[in-house]
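Q: Listed below, chain by chain, are the residues.
Number of protein chains: 2
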Amino acid sequence: MNDRYLKALRREPVDCTPIWIMRQAGRYLPEYRASRERAGSFLSLCKTPELAAEVTLQPIMRFDLDAAIIFSDILTIPDAMGLGLSVKDGVGPRFERSLRTRGDIDRLPDVDVLEKLGYVMSAVRMVRRELSGKVPLIGFSGSPWTLATYMVEGGSSKEFRYVKSMMHDSPHTMLLLLDKITRVVVDYLKEQVRAGAQSLMLFDTWGGILSTTDYVEYSLESMSKIVSALKSDPETGVIPITLFTKGGASWLEAIADTGCDAIGLDWTIPLQSARQRVGHRVSLQGNMDPTVLYASEEKIRAEATRVLSDFGPGEGHVFNLGHGIHPGIDPAHVRVLVDTVHKASAR
Amino acid sequence: MNDRYLKALRREPVDCTPIWIMRQAGRYLPEYRASRERAGSFLSLCKTPELAAEVTLQPIMRFDLDAAIIFSDILTIPDAMGLGLSVKDGVGPRFERSLRTRGDIDRLPDVDVLEKLGYVMSAVRMVRRELSGKVPLIGFSGSPWTLATYMVEGGSSKEFRYVKSMMHDSPHTMLLLLDKITRVVVDYLKEQVRAGAQSLMLFDTWGGILSTTDYVEYSLESMSKIVSALKSDPETGVIPITLFTKGGASWLEAIADTGCDAIGLDWTIPLQSARQRVGHRVSLQGNMDPTVLYASEEKIRAEATRVLSDFGPGEGHVFNLGHGIHPGIDPAHVRVLVDTVHKASAR
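Taken in order, these protein sequences are the chains called A and B. Take 739 as the starting number for the first sequence in this note's numbering and just add one per residue. Take 739 as the starting number for the second sequence in this note's numbering and just add one per residue.
Please keep in mind that the hints were generated in silico from the structure rather than gathered at the bench. Among the hints, erroneous ones may be present.
Heads up, the list lumps identical chains together, so a pair's fine if it works in one copy or across two of them.
List of simulated lysine to any residue pairs, SDA-like, C-alpha gap at most 25 Å [what the hints assert, rightly or not]:
(1) K785 / N740
(2) K785 / A992
(3) K928 / K963
(4) K785 / M760
(5) K785 / T996
(6) K963 / E1036
(7) K1037 / G828
(8) K969 / E868
(9) K896 / R771
(10) K928 / H1064
(11) K984 / H1064
(12) K872 / A818
(13) K785 / R748
(14) K854 / L1046
(15) K928 / V829
(16) K896 / P847
(17) K1037 / G830
(18) K1037 / Y900
(19) K896 / S1034
(20) K984 / N740
(21) K745 / S970
(22) K826 / G975
(23) K1037 / S895
(24) K984 / D925
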């Protein structure tokens, strides 16, 4: 088994730097678009285990990637909580119901994740079987704060008016919502591990819109509870956890304090300075600008090499983009990136 | 004259912390909406000196703010370069022509700013006269990189595909464009000072989408050239300059190295740590989360006080939001903020 990725997360020696790519199972791949077409809708693709497993494996078959990540959506949890998710092409996610009052949150049902999100576990089991040890499989969830932003706003947002108003004016209501989500996320990740996930990641896409004090109280605190819950459970205690707050450059020390194993970095943070700040405590994942993949092969090689040397010699680096791959990227460029990372980092 | 703002920029003692608000002349004010209505369009409002002066002064008449900022748009320069700007409500700015090739950039005309952007200088002169020393007047421009993103993309963007492709694949073309813009920005700011601006600010709205190396080469370098050009000219050498890169938390030291007088901060950066990093060299402007103004008066007071104590005792703080004020804010909440900042910081 290729265990470079798991070794790098433990800061153990590897033969070369492992790489996987956020949203590696995605629209830039023609085979993904074909599966998406057959599924009929994005949500059917997520909710049909055979298809979710199929698209999860597509990038692994095509490229020499060092990890697979289960194909799913971060909004499966709010959907399971009864908010009525729909995802329209070009519009993004919308919920039929949004949460604006204490009453809305009190009425949120408890979620039996095996019953409501069993389709995710089925896909995880299928992928693990199909991979048969080729590369490790990553499970994931959105962070409670990030999920809360969608649940309160009712979909995507630019201004985050309603969720921030709730946070500022009704902090207890906000914390109640975050606690409810946190409990479901813990169950969800534990079940993903039981189904076969070998590493876990929390995507805190919208932590970076908060001030430092609000970030610590409303986003990091819930992620910290999740890390503690997983680390203290014998069944999940050894599973490495990566936390990724987009725009979280200011808070790396506090993120490392949660006890996570790795921090995902966007491309605005120099790897070298991140390593100086927290590299003795956690591994670092990242952080090439995804738009570099639009550039020439020569430029991709140069930039991948620059990112590797920004991290420098030694262990604890998982190569990735600083954000999900864009849909318009030429798959041939991804191959150049993967090969460059492996060759240029060979010990 | 109320010179708290200028004193704070020089890190001199003040009787209380000065405050102004990014986009303080804007849609949250009913009197602004009335002027905008009379102008017929957003661009007419910018291009009619009497109206631009009128809306510049509206927040000064209503609130006890410590600085005025000339009302204008950051895209007046690309418009003056012949790209054909239009701004539609709810759609944002669009250019008739976008720049995609070396030829496009070679064909960009030199701009005589007095001829093409004289309307801005007229507004500056009117405002200075009307203010008659009440508070200082800030002039501004978009940063060359930020202007280039709009000029290459042809408007707003989420992915910045074309401007980043130009940067990655044709760096010389990109640098040529940035140099052309930089020369115009220098002239533009010098003329604003001649017309009466007493402080200058560069808005680098999109510097934060770059990796560290790209930020330094493509955004900071042009801003640095502008600072040097203004500082070395006897007519503008004493005018304080504030640089604001949204999402620039990682790069404060490099920004301070330009020789600017102050750095604008968004709300993701703790003021205290920013002060430790660069506070002995520059003043700091910021950094309350703009959405706090949606909250209760009690919360606004608490958060304003928290921001003040995050900066701590001593000089060199200009209070502001970390980004422009949102259009839906109640003007009464702005009054609470301004009064709180002055009272809570009284020496």
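Q: So, for every hint listed, does it hold in this structure?
A: A quick look at each hint next to the structure:
no., hint, result
1, K785 / N740, "neither (29 Å within a copy, 63 Å between copies)"
2, K785 / A992, "neither (35 Å within a copy, 48 Å between copies)"
3, K928 / K963, "within (14 Å within a copy, 54 Å between copies)"
4, K785 / M760, "within (20 Å within a copy, 45 Å between copies)"
5, K785 / T996, "neither (32 Å within a copy, 53 Å between copies)"
6, K963 / E1036, "neither (44 Å within a copy, 30 Å between copies)"
7, K1037 / G828, "neither (30 Å within a copy, 37 Å between copies)"
8, K969 / E868, "neither (28 Å within a copy, 65 Å between copies)"
9, K896 / R771, "between (28 Å within a copy, 22 Å between copies)"
10, K928 / H1064, "neither (30 Å within a copy, 41 Å between copies)"
11, K984 / H1064, "both (16 Å within a copy, 22 Å between copies)"
12, K872 / A818, "neither (32 Å within a copy, 58 Å between copies)"
13, K785 / R748, "neither (32 Å within a copy, 60 Å between copies)"
14, K854 / L1046, "neither (41 Å within a copy, 47 Å between copies)"
15, K928 / V829, "neither (32 Å within a copy, 44 Å between copies)"
16, K896 / P847, "neither (28 Å within a copy, 36 Å between copies)"
17, K1037 / G830, "neither (32 Å within a copy, 32 Å between copies)"
18, K1037 / Y900, "between (42 Å within a copy, 15 Å between copies)"
19, K896 / S1034, "between (32 Å within a copy, 21 Å between copies)"
20, K984 / N740, "neither (28 Å within a copy, 40 Å between copies)"
21, K745 / S970, "within (21 Å within a copy, 54 Å between copies)"
22, K826 / G975, "neither (38 Å within a copy, 54 Å between copies)"
23, K1037 / S895, "between (34 Å within a copy, 23 Å between copies)"
24, K984 / D925, "within (24 Å within a copy, 37 Å between copies)"
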